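For chain A, the structure is supplied; the task is to place chain B with the ligands on it using the hints.
2 protein chains.
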Amino acid sequence: MKIAVLGGDGFCGWPASLHLSDLGHDVLIVDNLSRRRIDEELGASSLTPIVTPEERLSAWQEVGGRQIRFAEIDVAQDYDALLDLLVTERPDAVVHFAEQRAAPYSMKSPAHKRYTVDNNTNATHNVLCALVESGLDAHLVHLGTMGVYGYGTAGMKIPEGYLDVEVTTDQGERIGQQILYPTNPGSIYHMTKCLDQQLFAYYAKNDRLRITDLHQGIIWGTHTDQTLRDERLINRFDYDGDYGTVLNRFLMQAAVGYPLTVHGTGGQTRAFIHIRDMVRCVQIALDNPPGRGDRVKIFNQMTETHRVRDLAEMVARISDASVELVPNPRHEAAENELHVSNDTFLDLGLEPTLLEEGLLLEVEDVARRYADRADLDKIPCTSVWTVEQQPGVPTSRVPTPPSGPGPSPTSSPAEAAAPQSA
Amino acid sequence: MKIAVLGGDGFCGWPASLHLSDLGHDVLIVDNLSRRRIDEELGASSLTPIVTPEERLSAWQEVGGRQIRFAEIDVAQDYDALLDLLVTERPDAVVHFAEQRAAPYSMKSPAHKRYTVDNNTNATHNVLCALVESGLDAHLVHLGTMGVYGYGTAGMKIPEGYLDVEVTTDQGERIGQQILYPTNPGSIYHMTKCLDQQLFAYYAKNDRLRITDLHQGIIWGTHTDQTLRDERLINRFDYDGDYGTVLNRFLMQAAVGYPLTVHGTGGQTRAFIHIRDMVRCVQIALDNPPGRGDRVKIFNQMTETHRVRDLAEMVARISDASVELVPNPRHEAAENELHVSNDTFLDLGLEPTLLEEGLLLEVEDVARRYADRADLDKIPCTSVWTVEQQPGVPTSRVPTPPSGPGPSPTSSPAEAAAPQSA
Ligand SMILES: NC(=O)c1ccc[n+]([C@@H]2O[C@H](COP(=O)([O-])OP(=O)(O)OC[C@H]3O[C@@H](n4cnc5c(N)ncnc54)[C@H](O)[C@@H]3O)[C@@H](O)[C@H]2O)c1
Ligand SMILES: NC(=O)c1ccc[n+]([C@@H]2O[C@H](COP(=O)([O-])OP(=O)(O)OC[C@H]3O[C@@H](n4cnc5c(N)ncnc54)[C@H](O)[C@@H]3O)[C@@H](O)[C@H]2O)c1
Numbered sequence: 001m002k003i004a005v006l007g008g009d010g011f012c013g014w015p016a017s018l019h020l021s022d023l024g025h026d027v028l029i030v031d032n033l034s035r036r037r038i039d040e041e042l043g044a045s046s047l048t049p050i051v052t053p054e055e056r057l058s059a060w061q062e063v064g065g066r067q068i069r070f071a072e073i074d075v076a077q078d079y080d081a082l083l084d085l086l087v088t089e090r091p092d093a094v095v096h097f098a099e100q101r102a103a104p105y106s107m108k109s110p111a112h113k114r115y116t117v118d119n120n121t122n123a124t125h126n127v128l129c130a131l132v133e134s135g136l137d138a139h140l141v142h143l144g145t146m147g148v149y150g151y152g153t154a155g156m157k158i159p160e161g162y163l164d165v166e167v168t169t170d171q172g173e174r175i176g177q178q179i180l181y182p183t184n185p186g187s188i189y190h191m192t193k194c195l196d197q198q199l200f201a202y203y204a205k206n207d208r209l210r211i212t213d214l215h216q217g218i219i220w221g222t223h224t225d226q227t228l229r230d231e232r233l234i235n236r237f238d239y240d241g242d243y244g245t246v247l248n249r250f251l252m253q254a255a256v257g258y259p260l261t262v263h264g265t266g267g268q269t270r271a272f273i274h275i276r277d278m279v280r281c282v283q284i285a286l287d288n289p290p291g292r293g294d295r296v297k298i299f300n301q302m303t304e305t306h307r308v309r310d311l312a313e314m315v316a317r318i319s320d321a322s323v324e325l326v327p328n329p330r331h332e333a334a335e336n337e338l339h340v341s342n343d344t345f346l347d348l349g350l351e352p353t354l355l356e357e358g359l360l361l362e363v364e365d366v367a368r369r370y371a372d373r374a375d376l377d378k379i380p381c382t383s384v385w386t387v388e389q390q391p392g393v394p395t396s397r398v399p400t401p402p403s404g405p406g407p408s409p410t411s412s413p414a415e416a417a418a419p420q421s422a
Numbered sequence: 001m002k003i004a005v006l007g008g009d010g011f012c013g014w015p016a017s018l019h020l021s022d023l024g025h026d027v028l029i030v031d032n033l034s035r036r037r038i039d040e041e042l043g044a045s046s047l048t049p050i051v052t053p054e055e056r057l058s059a060w061q062e063v064g065g066r067q068i069r070f071a072e073i074d075v076a077q078d079y080d081a082l083l084d085l086l087v088t089e090r091p092d093a094v095v096h097f098a099e100q101r102a103a104p105y106s107m108k109s110p111a112h113k114r115y116t117v118d119n120n121t122n123a124t125h126n127v128l129c130a131l132v133e134s135g136l137d138a139h140l141v142h143l144g145t146m147g148v149y150g151y152g153t154a155g156m157k158i159p160e161g162y163l164d165v166e167v168t169t170d171q172g173e174r175i176g177q178q179i180l181y182p183t184n185p186g187s188i189y190h191m192t193k194c195l196d197q198q199l200f201a202y203y204a205k206n207d208r209l210r211i212t213d214l215h216q217g218i219i220w221g222t223h224t225d226q227t228l229r230d231e232r233l234i235n236r237f238d239y240d241g242d243y244g245t246v247l248n249r250f251l252m253q254a255a256v257g258y259p260l261t262v263h264g265t266g267g268q269t270r271a272f273i274h275i276r277d278m279v280r281c282v283q284i285a286l287d288n289p290p291g292r293g294d295r296v297k298i299f300n301q302m303t304e305t306h307r308v309r310d311l312a313e314m315v316a317r318i319s320d321a322s323v324e325l326v327p328n329p330r331h332e333a334a335e336n337e338l339h340v341s342n343d344t345f346l347d348l349g350l351e352p353t354l355l356e357e358g359l360l361l362e363v364e365d366v367a368r369r370y371a372d373r374a375d376l377d378k379i380p381c382t383s384v385w386t387v388e389q390q391p392g393v394p395t396s397r398v399p400t401p402p403s404g405p406g407p408s409p410t411s412s413p414a415e416a417a418a419p420q421s422a
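Line order of the protein sequences matches chains A and B.
Numbered by my numbering, the letters in the first sequence go through residues 1 to 422 in order.
Numbered by my numbering, the letters in the second sequence go through residues 1 to 422 in order.
Just so you know, the hints here were simulated from the structure itself, not pulled from any lab data.
Treat the hints with care, since some could be wrong.
Over the 10 Å line for every Cβ pair with chain B, so calculated as not near, a few chain A residues [said to hold, decoys possible]:
1) Glu54
2) Ser58
3) Arg69
4) Arg208
5) Asp347
Under 10 Å between C-beta atoms, here's a sample of chain B residues computed to sit facing chain A [to be verified]:
6) Gly24
7) His125
8) Thr183
9) His190
What you are looking at is a predicted structure, and each value in this text was computed from that prediction instead of being measured.
By construction, the Cβ of each residue, glycine as well, lies at the ideal position given by its N, Cα and C atoms.
Chain A with its partners taken away, still in its complex shape:
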């Protein structure tokens, strides 16, 4: 297959591109390198030393023996270039990673909120619009997040995208229906993924585009079989307060002998998946496209769930670190349950890499190995979710956070757990 990977220079997109290339697909990366510029803005950088896109690609040519091409296009801003690429290259599939993906970054300031909404909505809409205009019947695979499902849980397992509900007609008759799972996003970033879902539903219905949306948990792990083959192929490892996901920050803190900082009680349950499994899932999704005219296929792309404090303890145990509780910058329930259905990928043959097995390797091979490159000042999260949480605001103004587990008749149908992905 010919596959265009939008956002192919990023943390997920790069190893996915290598994996697909290694399988023999013709891979074309599209990226505007905004993530590298955000590193500069934040004065942060990947713990692992990542090289330029050009060096990465020539290293892969050398080591992997295959060509991956690269086009520097802003998918949200430069529609004509995107359309031109689709029309000229005629890919069989498009994998769409090209969004601003950090929840804390999306909450940093009004400008960051607006950038995230503008970039993500226009990126996704441009891809959809260009697919229709090009007349291609390419399969679009999008990376969404488990975070669309929202907070808390009503004792319900989160289904894969669609929820069975019953409604009562005016005649008192009960009718069963399947609806897009009502969303309850916990940040501006997560909200953009809810907007994406609506765009996908519309284009699948009106234009019969074939779309798969992967509701992904938090990625952990750094290396895949391909990125390990040469240090120039290494993947990025973010540990800063904006882009570093919870596990990476723990690993980093452990590696440098700092206490692991847990937000609030650490009672938030999150869904996780190893980066090797992510690349396999993208491949499986590509191999199983929906038919033309079908509704959007939604898979939950996660393999295990953990409470944040259990995670901290797991990392502390293997690395002899301590755990420290700090105030939670997010506006969310202190504790939540999380049960997620992920049958589709398991049925299609995914064999999960479990945290218990792989964590030690991460501490040793990544966090400790590159610890001297770390800037420890960057680890804390400095974004806050509401005006009231800003430093200096008296606590009496702090609003009550959303209620914990259990159904709430005035909010979402089954207020399901919000595994913020970043």
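Chain B with the ligands only, in chain A's frame:
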């Protein structure tokens, strides 16, 4: 109250501004005049002769004895000016009409789709973001559409924004919940209103903004008490294939002795409201804001429903015209039922102006009076909804339109009628 009316130069915004000013409120219009530029782009213009914003406002000062101020700001593009205005003026309420509002226009070309998504999403998000940044506790009243509810009906009355559903837990327990009515938009324009809803839900929850979303039916009628006072205050009347709503196009055709063109079988049922009732509804909504921390208040702003062919017959009867069926450019069910709950406004004292009473006046006072200004070539709708509907595409490629009335287990919960508003 001090009220900022975003989009206050438009068809709804102008009479609403006059009405609110007449009631004694301090009104400040914000508009980028994009609608007037779209007139130029389409080579169309209002049937009624509308004057410049400056002339309108000085006429109102003269005739109404009150000042309305005007700021030319692109709400979607110029965030800083919007923020500055909120911070300086500190309005008690913001009424948000500032979006691209025509479904056919939103489907004209890829560029029109992209403009509509970009303009509407960023306009709404900028308003929300600026309200938070300004620290104002202003009440935001937004004009949404009945079109968010979608096609068809499952024998259910459409509730006001929120749907009661039952879900079953893993333990087999049934739990009642109230969810945001699952959307099923019929065009890119309608889809942007679904995105708006998600933005509102998020900001009401995270930032405790006070927001009312009015799910409005198709406006009919041209004059209000205020616009009638001087010809320089006259409201716009669109009759072209993009912006002319179904009733206006019939009125125009009747006025010039043309057959009334009905799309498809004319079996689509739509919801309507007179422009005098619209301005009253906005006032009622302003008088009844939600509390801080409340979920978004949603009112259905419509007073009656009609099948398009019945409407055509009604107009034909009073004006001695004939009715002609033409192919439907939209991708929608041929026939649908529509039952809509509008109790909130009726309970709050709205006394509807009915079509049966007001139609004749429209034919005589508006359509016939200004008929010599009409460009009849502009009446047909030239946008089509899908690639397959483009002229020259063999009908075998035309996809089956969405199914008609009756529940459909794979789509929306209660596939409710889509009264496209424009
Ligand atoms: N990392 C996780 O734990 C995680 C979890 C759930 C979902 N996801 C989703 O997976 C996708 C990829 O995440 P990631 O961790 O690789 O993020 P990343 O920031 O490392 O990669 C995103 C890439 O997209 C590019 N990009 C952004 N906007 C673009 C635009 N307008 N035009 C062209 N390129 C653009 C960036 O330069 C970057 O290379 C995102 O959509 C994210 O929401 C990630
Ligand atoms: N007219 C109807 O039948 C109807 C029905 C349902 C809902 N609505 C909704 O009511 C609202 C007003 O509709 P209308 O019929 O008055 O439309 P309109 O096009 O006549 O008015 C919209 C006004 O907003 C302005 N505008 C658009 N984008 C802007 C931006 N980025 N910055 C500043 N100003 C901007 C335009 O210049 C115009 O004056 C819309 O949101 C529409 O969706 C209208």
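These are the hints, each one checked on the structure:
1. Glu54: The assertion about Glu54 of chain A holds, with a minimum of 31 Å to chain B.
2. Ser58: holds (36 Å)
3. Arg69: holds (25 Å)
4. Arg208: Label violated. Min Cβ-Cβ 6 Å, cutoff 10 Å.
5. Asp347: holds (19 Å)
6. Gly24: violated (32 Å)
7. His125: holds (5 Å)
8. Thr183: At 7 Å from the nearest chain A Cβ, Thr183 of chain B passes the 10 Å test, so the hint holds.
9. His190: Constraint on His190 of chain B satisfied, holds at 9 Å.
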